[in-house]
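A.B. asks: One-letter residues, chain by chain:
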Amino acid sequence: MSTPVLTLNAVTKSYGRQLAVNEVSFVVPQGSIFGLLGPNGAGKTSTIRMITGITMPDRGEIRLFGEPQNNDHQNQIGYMPEERGLYRKLTVRAQLEYLGALKGMAPAALKESIEKWLKRFEIKSWEKKKTSDLSKGMQQKVQFILTLLHDPQLLVLDEPLSGLDPVNAELINEVILELRTAGKTIILSTHRMEQVEQLCDEIAMMNNGKIVLAGKVRDLKARSGRTIISLRFSGDASFLKRLGESRVKVLEHMPNEILMELGAGELPKDVLRLVSEQLDVQKWEIVEPPIKELFLEAIAKQPEVTSTL
Amino acid sequence: MNKTFIVLKHEFLQKVRSKVFVIMTLVGPLLMGALVFVPAYFSATNTGDVRHLVVIDSTGGQLAQAMVAASKDTATDFFSKKFRKDVTIEAVAPSPTAMDSLSKLVESKAITGYMVIPARAIADSASTAQIKLHNPSDFTSVTALKDFYRDAVRDAKLRVRGIDPSSVSNVESGVKVETLKVEAGTEKKDNGGVGMVMAFLTAFILYISLIMYGTLIMNSVIEEKSTRIVELLASSVRPFELLVGKVLGVASAGLIQVGVWALMLVLVTTFGLSAASAFIGEGLLPSISPFLFLYFILFFVLGFLIYATLYAAIGSTAESASDTQQVSMPVVMLLVIPIVLLQGVIENPSATKSVVMSLIPFFSPILMLARIFTETPPFWQIALSVVLMIGTFFGCLWVASRIYRVGILMYGKKFKLSEIAKWVRYT
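Taken in sequence, the protein lines are chains W and S. Residue numbering for the first sequence follows the working numbering, beginning at 1 and increasing consecutively. Residue numbering for the second sequence follows the working numbering, beginning at 1 and increasing consecutively.
What you were told as hints is all true, and nothing was included just to trick you.
Only pairs whose alpha carbons sit at most 20 Å apart, straight line, appear in this in silico SDA-like list of lysine to any residue: (1) S:Lys416 / W:Gln18; (2) W:Lys136 / S:Ser226; (3) S:Lys19 / W:Thr91; (4) W:Lys89 / S:Thr215; (5) S:Lys414 / W:Tyr15; (6) S:Lys413 / W:Tyr15; (7) S:Lys414 / W:Gln18; (8) S:Lys9 / W:Leu90; (9) W:Lys89 / S:Ser220; (10) S:Lys413 / W:Ser14; (11) S:Lys9 / W:Pro107; (12) W:Lys89 / S:Leu216; (13) W:Lys128 / S:Ser18; (14) S:Lys413 / W:Arg17; (15) S:Lys9 / W:Tyr87; (16) W:Lys130 / S:Arg17; (17) W:Lys130 / S:Ser226; (18) W:Lys124 / W:Arg93; (19) S:Lys416 / W:Arg17; (20) S:Lys422 / W:Arg17; (21) W:Lys89 / S:Thr227; (22) S:Lys9 / W:Thr91; (23) S:Lys9 / W:Arg93; (24) S:Lys413 / W:Gly85; (25) W:Lys129 / S:Gln14; (26) W:Lys130 / S:Ser220; (27) S:Lys19 / W:Leu90; (28) W:Lys136 / S:Thr227; (29) W:Lys89 / S:Ser226; (30) S:Lys19 / W:Ala94; (31) W:Lys130 / S:Thr227; (32) S:Lys414 / W:Glu83; (33) S:Lys413 / W:Gln18; (34) W:Lys89 / S:Gln14; (35) S:Lys413 / W:Gly41; (36) W:Lys89 / S:Arg17; (37) W:Lys129 / S:Arg17; (38) S:Lys422 / W:Gln18; (39) W:Lys128 / S:Arg17; (40) W:Lys130 / S:Gln14.
Derived by calculation from the structure, the hints in this document are not laboratory data.
Please build the complete structure, drawing on both the sequences and the hints.
C.D. replies: Okay, structure coming up:
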């Protein structure tokens, strides 16, 4: 097994009396897409700021590429912050040149890389424009190029899709998958579960500054032992709720589709029989629990903690 | 390449390439010259309104007559000439209704004002004359009336004592004093005015450029913070490197600008003033030693580094310039205090108070420089202030970098000074 790209070992960070990250440990294997999940205020951004070397942990250890974290590692990390920003009065090219140089790139390599990405994102003709003259979608592309410019080994993307139009969102998903194929490691912080389902190999879920669940997405789903059924139907499904949550718990209810969890000891075939008596069943599928469900379950199990010191 | 240097280069080129910078560098001295010379020219040539003044003399009319005569006299010196050109004085005999009708004339602005001289003005030193004006701040009218009245009363008192006033003015005119500046074994003619003017001029140039460049650097920090690009910067460079690069980059740009200005001034004082002194009079405007400009540059650079660092720290606590007022107050005060003290220090450059104040590193750029221009202090004092300023710069840098490091990542509210003070102690 190759050296993990990133290891967090009991990392703790507080701001004043606020405990933002509490004894967080996880490992990000090389070449994976790693999802860092959790609600707002869970400590994701604080964790990311330590990984990217913006802040230092109060306690605990961060290892990058097999060695203790140091300043040079910043050159190997591409970071896309949740709050995006560019110099408004600089041209696209000047912007890329300055921030590329700050990532330690030599002028020749930087120039080549700028050309490559401007072409890839089809904004070459805009390179001499000031950022303030660009559309929002264009600015997002520039922002993404800033993340990739220096060919980082590790990408840290904080809510990469927030505020993106569908075309750019698709483009970013595409590039993320390409980068993984090229052997790069990607940390994706998000609360958008569909992106996690679509992309992530491994996840760590945070809540109140702590990791509540971590591991390979496949394993976590298999281990959950929950029986979840996706049902498409026509008719009135309100009788399901009357069965009581100990037998059938409705997780999602759309007009003609239901996602439901069976209680312990309930057999799918029994429930199917019951349902077919009442409804015209068009689809009946036993599915893996969605990550959202795993997350809600993990939070429910977490003892009530206060996040202040 | 060192990242501090990359930031420095970027900041420097950004400033130097901007149109405002180029224009200010070339036109700045003209503007500053205009700032000094236009008001002087304006007040020297202000023939504008002639003041119509009236005197009611209850002593019997001799004082009023003397004042009217004096106002028509062709005087020799510059200031009296100016007054006499701007002022006409008329005598009116005292009568019960005279004051009322004159007051009405003042109200309708038919006359500028009038003076009431009491009956015992000559006999009783305690008696007080009154000047009644539409605009009591009219310096020209007040000064003219006061001066003419004082001279008239003095002459009248002399006559009472049997002394001929003209013999007194004869005696007075025989007194001539010349000031010489003693320095390094030489004595040269120096009326003190040049040193004083230079001290004021450099103090204001420093004050304006320190605030200007301080604000410039503060706004650049605020911009990076409010556009959130700072988070990207902080993931590439250590905040300390960012801060130092920024301060040094803008300082280099500032130095070039002020250097160009200083060079222009040196050229003007060496070549231009020798031509000008042919008109104004030898010795009044001696050429200014280029050596003094080296001091000026040195104190500018050190003052710049101290204040730019502080302003950068202030910028990091805010998301818009309007949020910085409370936090920047202490720094502005540090610049205002030496300006307030300036006059006193220039008049008495070697007094203990002046020495102490000029050694306080935050005041040194303005006050030590003022002392250098007026009465060059002992070298050890200059050296000490330079050492203290360098030390203070590193102290400020330490504090500022700790504030900056935390501040650039703090969003969403205005911070109080007490909160910011806590950031310095964060690990």
